[in-house]
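Since the structure of chain A is already known, use the hints to place chain B on it.
2 protein chains.
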Amino acid sequence: MGFSKKPVKGMTDFLPGDVRLRDSVLAEIKRTYAQYGFAQIETPCMEHIGNLTSKQGGDNEKLIFRIEKRGAAFERAWESGNRDELVDNGLRYDLTVPLSRFYANNKEQLPSPFRALQTGPVWRADQPAKGRFRQFVQCDIDVLGDATNLAEIELITATSAALSRVLGKAGIASFTVHVNDRRILRAAALKAGFAEDEIAGVLVTLDKLDKIGFDGVEAELLANGAEPSVVASYLDFFRKGVDEAHCSPFCEMVDAEGLSDVSANLDEIIGSASALTGEGVQVKFDPTLVRGMGYYTGPIFEVTVDNFGISIAGGGRYDEMIGKFSGEDVCACGFSIGFERIIAVLKDAGIEDLADDAAKGGVAFLIDAKAGTEKRREALIAAQALRSEGRNVAVLPMRKNMKRQIQTLEGEGFTEFNKVYAQ
Amino acid sequence: MGFSKKPVKGMTDFLPGDVRLRDSVLAEIKRTYAQYGFAQIETPCMEHIGNLTSKQGGDNEKLIFRIEKRGAAFERAWESGNRDELVDNGLRYDLTVPLSRFYANNKEQLPSPFRALQTGPVWRADQPAKGRFRQFVQCDIDVLGDATNLAEIELITATSAALSRVLGKAGIASFTVHVNDRRILRAAALKAGFAEDEIAGVLVTLDKLDKIGFDGVEAELLANGAEPSVVASYLDFFRKGVDEAHCSPFCEMVDAEGLSDVSANLDEIIGSASALTGEGVQVKFDPTLVRGMGYYTGPIFEVTVDNFGISIAGGGRYDEMIGKFSGEDVCACGFSIGFERIIAVLKDAGIEDLADDAAKGGVAFLIDAKAGTEKRREALIAAQALRSEGRNVAVLPMRKNMKRQIQTLEGEGFTEFNKVYAQ
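Going down the list, the sequences are from chains A and B.
Residue 1 is where the first sequence starts when you use the numbering used here, and the numbers rise one by one after that.
Residue 424 is where the second sequence starts when you use the numbering used here, and the numbers rise one by one after that.
Excised from the complex, chain A in its bound form (with noise of 0.2 angstroms):
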């Protein structure tokens, strides 16, 4: 096989303006969470093949990069013929499954509730498209042992908080948090005449509603066989209009048992949550928030950006999940930010760089390759001494093209020029 001088297929080289970015935006999401109490740890980037494929990733396991076995091993699988013997582990495809292997390794030495923050490259094996990589960085903070809604009001206002100074810099004031609650979802489905076996194909449906319309939703909820009476009393529930403050009248139209336990609680959150966050950060009860995936039990929230109607961050409450990995119990609670929907909004305003300007005003000196020994002595001397007081300082080979030469540096930063001859 030859050498390919492209990345592999759906993965990215960043150059160093596009590390800048991504660089100060991590540094500064990092910093707001470290001011929330949320603590850093590392997993590695793989993990055991069978972590992966507990049926808990949901279409994502389809996605895993796998990892031959080696050595002894691999010639044991080849010869046994059977194929899913080849390897021993994959490409992690999100953060979730390495915390809750992370969690069940070393609980005895973390604190309860435990407070974590995770960042790093995940991989699926998706179909590339505009915005959609097969290696990408997640961001994500996570609550574990906090059953109370403690959690979710620290989640949501520390995500606010970050995505308020990262986006502040793009000049976008205004974003949304939409809050709702899958036990809200199930109720409203159920009271509506729904059957339980109905509410998953139900709530996909629903998930639409901003693309399709109340229209679409009642011509798919029918194409796939609903009761028209049912169709009917449940898209009331939506059509009424919502007190966006609140989810307690949604609550009691639907009037459910065991919902004002649920209301309460979520209107503590969308309450407390909308005192503490900033200016520009609307939080709202959007009883058509669905989130995709399964295992979520409780709240559930996502961010749009009210300009883009993108959503750049997601989260909720999934109790069930860890102990369905590792056969502990563990409560939780989670909220991430898409990252890499975060650098292309940055991109689109036009922001090349969060972090303070100490990168640019770096000083090039230009070496003659005539100059000689002494003369190159001095230039790095002199170099040196600038970086003593902080400036950032390249010493080089003047090349024939100075001028392109120069017109390169200056788009990596470079604003200061010495130029340095022969005697």
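Do not take every clue at face value.
Derived lysine to aspartate or glutamate pairs resembling EDC-like cross-links, with alpha carbons at most 16 angstroms apart [claimed, not checked]: (1) A/Lys6 / B/Asp511; (2) B/Lys842 / B/Asp776; (3) A/Lys284 / A/Asp267; (4) A/Lys69 / B/Glu508; (5) A/Lys5 / B/Glu531; (6) B/Lys530 / A/Glu108; (7) B/Lys492 / A/Glu412; (8) A/Lys30 / B/Glu839; (9) A/Lys240 / A/Asp255; (10) B/Lys492 / B/Asp482; (11) A/Lys6 / B/Glu531; (12) B/Lys770 / B/Asp441; (13) B/Lys826 / B/Glu839; (14) A/Lys375 / B/Glu691; (15) A/Lys169 / A/Asp267; (16) B/Lys631 / B/Glu641; (17) B/Lys428 / A/Glu328; (18) B/Lys432 / A/Asp84; (19) A/Lys400 / A/Asp368; (20) B/Lys492 / A/Asp84; (21) A/Lys69 / B/Asp507; (22) B/Lys428 / A/Glu108; (23) B/Lys485 / A/Glu75; (24) A/Lys191 / A/Asp84.
Just so you know, the hints here were simulated from the structure itself, not pulled from any lab data.
Structure of chain B alone, referenced to chain A:
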């Protein structure tokens, strides 16, 4: 397959304390290299298997984690019965192969010379041992496209500065940069009477000098079939006592054709680097320095910590390697910090964190379950106010065993505890 709570073999979970140390060291290194005008790039963790197995990577190519093809491509490969067809990609085993590919792919957009900083995980399916992991971080700077010794001088000066800053915090005030040139090694072996095709083997033996001494090297060379007279005149070169500040006396003694240019070049590197590095850093000519990798073509360097005797960084000039990978000749020179070794040295010295102590002195609010909505809200607002003053604050449910909870939180860096009870 069941759930395994341990990380995969040879890989590590990093707890919050580990991440704090690793992150702060990496930040200090990056900050230093930025000051020296190195621009950070990022490449995917995965590379085409053909790029990873092009025979430039030496023994590392035997340690590749190979990734299975997916979907129809895997089916075809499986049907073919050819095991080599099963994989299309692999995890990178170093950062130099990706750098070569990156440069070939993006050259038009990069300045010349290009000063690159790359840091990230690499993977090798090596037998795990103390300090040897299957996933570990490398931290490389490289100058591509600079044939002058400005590249070597800047690489040594920058790496020394980074190491001084990081190790200085651990009270490790002194280390040595050993410098040599592959052409001097080659000339000395030829002059003593070894044949061209014996040189590689001779250097493998010479590399053991600090472990087995002159007697051991002599015995091994003889055991490998060398003439006693050749061995005697070879070892004479090294026994005669070396001027550590200049390589020219050694080169004059060897007295081989073409060596005077090599000697003048290396002496300028040693002289300039000595003048530019700070207190505690010794740059010295070491004619016994070999560096394992066969791809080096000129000056080579290695950093040892004086009191530990271990190597913590190494590099050199490799003018032919990128051409062999990409088909386009680009002269290149690099220096790689052994990140995991630095971390081990710092941990041995009891260093927990290089960063400012902002994370320490965190404030925890502990909320009694019976405190009620209003009290809880007050605490959340008070927490938010402290955060806006720059403090790190977490709001947590109070545990029954509050004493134990506080102890664990103190371990996480919290020093102030506000308890919120029912009214």
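Hint by hint, here is what the structure shows:
Restraint check: the Cα-Cα separation between A/Lys6 and B/Asp511 comes to about 14 angstroms, which is no more than 16 angstroms; the hinted pair holds. The suggested pairing of B/Lys842 with B/Asp776 is violated, with an alpha-carbon distance near 29 angstroms, which exceeds 16 angstroms. A distance of roughly 10 angstroms separates the Cα atoms of A/Lys284 and A/Asp267; the hinted pair therefore holds under the 16 angstroms criterion. For the suggested pair A/Lys69 and B/Glu508, the alpha carbons sit about 15 angstroms apart, so the restraint of at most 16 angstroms is met.
Between A/Lys5 and B/Glu531 the alpha-carbon distance is near 13 angstroms, which keeps this suggested pair within the 16 angstroms criterion. Between B/Lys530 and A/Glu108 the alpha-carbon distance is near 50 angstroms, which puts this suggested pair outside the 16 angstroms criterion. For the suggested pair B/Lys492 and A/Glu412, the alpha carbons sit about 38 angstroms apart, so the restraint of at most 16 angstroms is broken. This hinted pair does not check out: A/Lys30 and B/Glu839 have alpha carbons roughly 22 angstroms apart, beyond 16 angstroms.
In summary, the hint linking A/Lys240 to A/Asp255 is supported, as the alpha carbons are separated by about 15 angstroms, within the 16 angstroms threshold. With a C-alpha separation of about 24 angstroms, the suggested pair B/Lys492 and B/Asp482 falls outside the 16 angstroms cut-off, and the hint is violated. At most 16 angstroms may separate the alpha-carbon atoms for a hinted pair to count; A/Lys6 and B/Glu531 meet this at roughly 14 angstroms. As the CA atoms of B/Lys770 and B/Asp441 are separated by approximately 9 angstroms, the hinted pair is consistent with the 16 angstroms bound.
A C-alpha spacing of about 13 angstroms is found between B/Lys826 and B/Glu839, which places the hinted pair at or below 16 angstroms, so the restraint holds. For the hint pairing A/Lys375 with B/Glu691, the CA-to-CA distance comes to about 12 angstroms; that is within 16 angstroms, so the pair holds. A hinted pair counts as satisfied when its Cα atoms are at most 16 angstroms apart, and A/Lys169 with A/Asp267 does not qualify at roughly 31 angstroms. Distance restraint check for B/Lys631 and B/Glu641: the Cα-Cα separation of roughly 11 angstroms lies within the 16 angstroms cut-off, and the hinted pair is therefore satisfied.
The suggested pairing of B/Lys428 with A/Glu328 holds, with an alpha-carbon distance near 11 angstroms, which does not exceed 16 angstroms. A hinted pair counts as satisfied when its Cα atoms are at most 16 angstroms apart, and B/Lys432 with A/Asp84 does not qualify at roughly 20 angstroms. Our distance criterion of 16 angstroms between C-alpha atoms is met by A/Lys400 and A/Asp368, whose separation comes to about 9 angstroms. Our distance criterion of 16 angstroms between C-alpha atoms is met by B/Lys492 and A/Asp84, whose separation comes to about 13 angstroms.
Distance check on the hinted pair: A/Lys69 and B/Asp507 sit about 13 angstroms apart at the alpha-carbon level, within 16 angstroms; holds. Distance hint between B/Lys428 and A/Glu108 is fulfilled; the C-alpha atoms sit about 13 angstroms from each other, no more than 16 angstroms. Taken as a hint, the B/Lys485 and A/Glu75 pair is honoured in the structure, with Cα atoms around 15 angstroms apart against an allowance of 16 angstroms. A threshold of 16 angstroms between alpha carbons decides the hint, and for A/Lys191 with A/Asp84 the separation of about 45 angstroms lies outside it, so the pair is violated.
Of the numbered hints stated above, those contradicted by the structure are hints 2, 6, 7, 8, 10, 15, 18, 24, listed in ascending order.
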